[in-house]
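Produce the complete structure using the sequences and hints provided.
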Amino acid sequence: MARRLGESFWGDFFTLGGAVARAMKVTLINLIRRPVTVHYPDKTRSYPDRYRGLLALTYDKETGEENCIGCRLCEYICPPQVIKVEMLKAEKRNFAKTFTLELYACEFCELCVQVCPTDAIIMMKSFDLSTADRRELLLDKDRLHHIGLQFEPSWATGNLLRDMQTPPKAPRAEAEAGKVAEAGKAPTAKPGGGAE
Amino acid sequence: MSTPALWDAVSAFITGFIVLNVIVGMVTYVTLLERKFAARMQSRIGPYRVGPHGLLQPIADALKLMMKEDVVPRDADRRVYNLAPIVFLVPCMLIFATLPFAPGLGIADLNIGILFFLAISAMEIVGLFMAGWGSNNKYALLSAMRAVNQIISYDLPFIFVALVPVLFTGSLRLSDIASAQAGLWYVAWFPLGTIAFVFYIVAILAAENRVPFDILEAESELIAGFRVEYSGMKFALIQLGEYAHMIGTSYLGALLFLGGWAGPWAELSPWWGALWFTLKAMFVFLVVTWIRWSFVRIRVDQILAISWKLLMPASLVLLLATAVAIARQGGVGG
Amino acid sequence: MDPEARKVIELGYGGSERLTMNMGPQHPSAHGVFRAILSLEGETVVGVDAVIGYLHRCHEKLGESLTYTQYPSIASKTDYVAAMTSELAYVRAAEMVGKIEVPKRAQYLRVIVAELQRIASHCLWLGTWCLDMGGALGGGATVFLYCIREREWVLDLFEALVGARLLYGFHQVGGTRYDVPAGWAQKVRETLGLIEKRLDEYEDMLEGNAFFLARTQDVGGISRELAQTVGISGPLIRGSGVSYDIRRLEPYSSYEDFDFKVPVETAGDCYARYRVRMVEFRESISIVRQALDGLPEGPVSSRPGVKSVGQVRIAKGEGYARVEGPRGEVGCYLISDGSAKPYRMKWRGASFSNLAVLPHILIGCKVADVVAIMGSVDPVFGEVDR
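Protein chains in written order, with this note's numbering: chain D, -16 to 179; chain E, 77 to 410; chain A, 67 to 452.
No wet-lab data here; the hints were simulated from the structure. Just to be clear, a hint being listed does not mean it is correct.
[Unchecked claim] Short, incomplete list of chain E residues facing chain D, as computed with Cβ under 8 Å: (1) M117; (2) Q118; (3) R120; (4) I121; (5) K144; (6) N158; (7) S229; (8) W347; (9) W366; (10) I367; (11) F371.
[Unchecked claim] Straight-line Cα separation of at most 30 Å, DSS-like style, residue types lysine-lysine; simulated pairs: (12) K80(D) <-> K382(A); (13) K44(D) <-> K80(D); (14) K80(D) <-> K8(D); (15) K112(E) <-> K263(A); (16) K127(A) <-> K382(A); (17) K170(A) <-> K407(A); (18) K8(D) <-> K112(E); (19) K67(D) <-> K170(A); (20) K108(D) <-> K143(A); (21) K373(A) <-> K44(D); (22) K263(A) <-> K67(D); (23) K108(D) <-> K382(A); (24) K8(D) <-> K382(A); (25) K67(D) <-> K373(A); (26) K214(E) <-> K373(A); (27) K124(D) <-> K44(D); (28) K26(D) <-> K140(E); (29) K327(A) <-> K170(A); (30) K75(D) <-> K170(A); (31) K385(E) <-> K26(D); (32) K327(A) <-> K67(D); (33) K72(D) <-> K373(A); (34) K124(D) <-> K373(A); (35) K165(A) <-> K253(A); (36) K108(D) <-> K373(A); (37) K26(D) <-> K327(A); (38) K214(E) <-> K8(D); (39) K432(A) <-> K407(A); (40) K143(A) <-> K170(A).
Virtual Cβ for every residue (Gly too), placed ideally from N, Cα, C.
The following block contains the structure:
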């Protein structure tokens, strides 16, 4: 489709004229198209189910207790090591005494969500936590729980992610699907689902 | 005896002052027009938040520039550096002196109007080079050298093409050129007028350093070219001068080719004529902006090649053809 | 103050005075942080001294201190514009050394995301190249914003699949971390249709455009011999007449199941590389369509989902895995000592090797050509400096 320049004067001249007209036509068409701008923050675009936003800690739907058992698996797997947990031993189960997450250094890789055995830590469908002071992004346990109640949670929890990746064994997938803690949406794909 | 002369001087001063302020106001809002027009062509909206639909954006920009710190590089040539914005701005403002906005509405309708316009508008190159040299910055220096090359090369075709309507009219006075188009605009005088209009647009693209000929301020190579060391009000003066020159040449194009103040109801009152004139100038400006936002730039040696090998001979041939056509018609007025 | 720095350089008409200009690390068209110290005679470049290392973040050391489960999401940060292919290189190296099988569905998914990533990366390339050539206030910005608009659609697809737009963490050793959500395949097909139409628009705007041709034809020519000696790869070597595509030479991840052309141009200049990448756009679209049509059922990972940080242990051994990234050959050399962390991990960055050709092609061109050539080489400094 290309021609080399410099071959013939009139050829180049008419090529230039045609090209100028075509390029200007494209810009003119775009002048009339609707702009793609979304007027944030007055309007927000819709985020998909799996959106990896802010991190939050969750409560158990039935008992109202905190889900976190202070096992520190998330602390060990975090690549930039932003999570710090202290366990509090109690009679029936353990809790987290302190849980700090340095959101300003977090990579949002979702590995902590993946390893959590009790679906305690999840991600939200929002990133709206901008602040002028970085110290406000050092989230402690209360703030993490508060974020969990404030925004809409994303689809992914630890058990759902692990089920999605694990080669199918059998009943675990259905049982866990019923016990999803905070995710308000049903899982949208199971391992083995084909393409549409 | 002296009172009428004094009154003439004072009234000329007042008219000049009013026109200057109107032009400065128009320049700031033309930047907003360009930004919104360009944004729409790029699938986005331009300034939107400052004022309703961004209408107060130019005022915000002006206030910001006024409040900025005036930084002068330590090794810059102080006198040249400080004088450059003024030397750049004054010719760009002076070109509006001869423009007749309507019959009887203008500052000074010289009988060599167009000659004055072209000569003064070419003087901005001095200010530009002073800015590039005085900054003591290699990028600015490269840009200034390219600018001298380019603007001088393109001023010649610019002048030749601007002479075509002069030949059609037979007078150098700008108001004569405008009134002579009452019947049919020169751009419609096919083929000479139309070709002249196209060449005029190309020539002002280059004389204004607009893409595709904006090699001297090529943001991606030389950052801001000759303006790179200026900040605050000096930068604002340079921007003012550039856009004023841009509007001035758009007005000239509207006058030379698009009939000046001709339009419905122009006979009723000069203000209608001024309105049509401004709208036509904005049309020329928008065509130039449309071209600017559609193309990539070309290299400086290619720019100079286009000017000397293509545009200059073509405009000379055009001028010659115009002269022959006029002579065959038996003189002016056809 | 250094007296050398205070010297004012006089330029005489002889033209033999050389100006040393620094296209410094902070520059709108440096494509990242790259310092080129150019010696100019007038407008012509007569010497170039390239300085890199401004973006060094110790990836190879991080590879030794992070486990096989943690590092894939960090691997995307080397070539951050084409994150999927960067992760793929690391994960393939680990699988090669550990002799781990990847299920067929995961292989097809990897192909789909790698080709979608190629489309997104080439959108960015075209946009930034035209931006450099045309100016941030001018036609370049227009093409840039159009290309970014198209890239946003592809990133929306990734967002629906993974949750993230730029740096994913999609791959894991043994397969992928995410499966396809409902309705995703339909969305992908629609987006591909739209992108094809927009590609026609871009080719319209740029192909016959004499300004564009004047800037790119006969600029930065790499001869076939030079290409084979210097060690470049990707669109650079395919634009110089050598048909070298790792997807054909050593098919990985089921690429042998797909039918696609490998574009090769012989001219070797910027325009040839542009044509190669434009054809690659369309071939990638076709590959994604074929993969979606043939996506097999099955698990997305041959290993159970990550439950703890030291879960994946690779047997002792070493190996080198390479993938065809949008910029060339991205490779990862891994030495494993049997534990959960590699003993040594080395990245072969495509852009790092591609930059080696710059001293050969930048000499003798004008300053404006430097920008056009840098754009057509398309370096990403995350890969160069790691």
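Structure-based check of all given hints:
{"no.": "1", "hint": "M117", "result": "holds (5 Å)"}
{"no.": "2", "hint": "Q118", "result": "holds (7 Å)"}
{"no.": "3", "hint": "R120", "result": "holds (5 Å)"}
{"no.": "4", "hint": "I121", "result": "holds (5 Å)"}
{"no.": "5", "hint": "K144", "result": "violated (23 Å)"}
{"no.": "6", "hint": "N158", "result": "violated (38 Å)"}
{"no.": "7", "hint": "S229", "result": "violated (19 Å)"}
{"no.": "8", "hint": "W347", "result": "violated (30 Å)"}
{"no.": "9", "hint": "W366", "result": "holds (6 Å)"}
{"no.": "10", "hint": "I367", "result": "holds (7 Å)"}
{"no.": "11", "hint": "F371", "result": "holds (6 Å)"}
{"no.": "12", "hint": "K80(D) <-> K382(A)", "result": "violated (40 Å)"}
{"no.": "13", "hint": "K44(D) <-> K80(D)", "result": "holds (21 Å)"}
{"no.": "14", "hint": "K80(D) <-> K8(D)", "result": "violated (65 Å)"}
{"no.": "15", "hint": "K112(E) <-> K263(A)", "result": "holds (26 Å)"}
{"no.": "16", "hint": "K127(A) <-> K382(A)", "result": "holds (19 Å)"}
{"no.": "17", "hint": "K170(A) <-> K407(A)", "result": "holds (26 Å)"}
{"no.": "18", "hint": "K8(D) <-> K112(E)", "result": "holds (18 Å)"}
{"no.": "19", "hint": "K67(D) <-> K170(A)", "result": "violated (39 Å)"}
{"no.": "20", "hint": "K108(D) <-> K143(A)", "result": "holds (23 Å)"}
{"no.": "21", "hint": "K373(A) <-> K44(D)", "result": "holds (23 Å)"}
{"no.": "22", "hint": "K263(A) <-> K67(D)", "result": "violated (50 Å)"}
{"no.": "23", "hint": "K108(D) <-> K382(A)", "result": "violated (42 Å)"}
{"no.": "24", "hint": "K8(D) <-> K382(A)", "result": "violated (61 Å)"}
{"no.": "25", "hint": "K67(D) <-> K373(A)", "result": "holds (18 Å)"}
{"no.": "26", "hint": "K214(E) <-> K373(A)", "result": "violated (58 Å)"}
{"no.": "27", "hint": "K124(D) <-> K44(D)", "result": "holds (18 Å)"}
{"no.": "28", "hint": "K26(D) <-> K140(E)", "result": "holds (29 Å)"}
{"no.": "29", "hint": "K327(A) <-> K170(A)", "result": "holds (23 Å)"}
{"no.": "30", "hint": "K75(D) <-> K170(A)", "result": "violated (44 Å)"}
{"no.": "31", "hint": "K385(E) <-> K26(D)", "result": "violated (54 Å)"}
{"no.": "32", "hint": "K327(A) <-> K67(D)", "result": "violated (51 Å)"}
{"no.": "33", "hint": "K72(D) <-> K373(A)", "result": "holds (22 Å)"}
{"no.": "34", "hint": "K124(D) <-> K373(A)", "result": "holds (23 Å)"}
{"no.": "35", "hint": "K165(A) <-> K253(A)", "result": "violated (35 Å)"}
{"no.": "36", "hint": "K108(D) <-> K373(A)", "result": "holds (24 Å)"}
{"no.": "37", "hint": "K26(D) <-> K327(A)", "result": "violated (44 Å)"}
{"no.": "38", "hint": "K214(E) <-> K8(D)", "result": "violated (38 Å)"}
{"no.": "39", "hint": "K432(A) <-> K407(A)", "result": "violated (49 Å)"}
{"no.": "40", "hint": "K143(A) <-> K170(A)", "result": "holds (27 Å)"}
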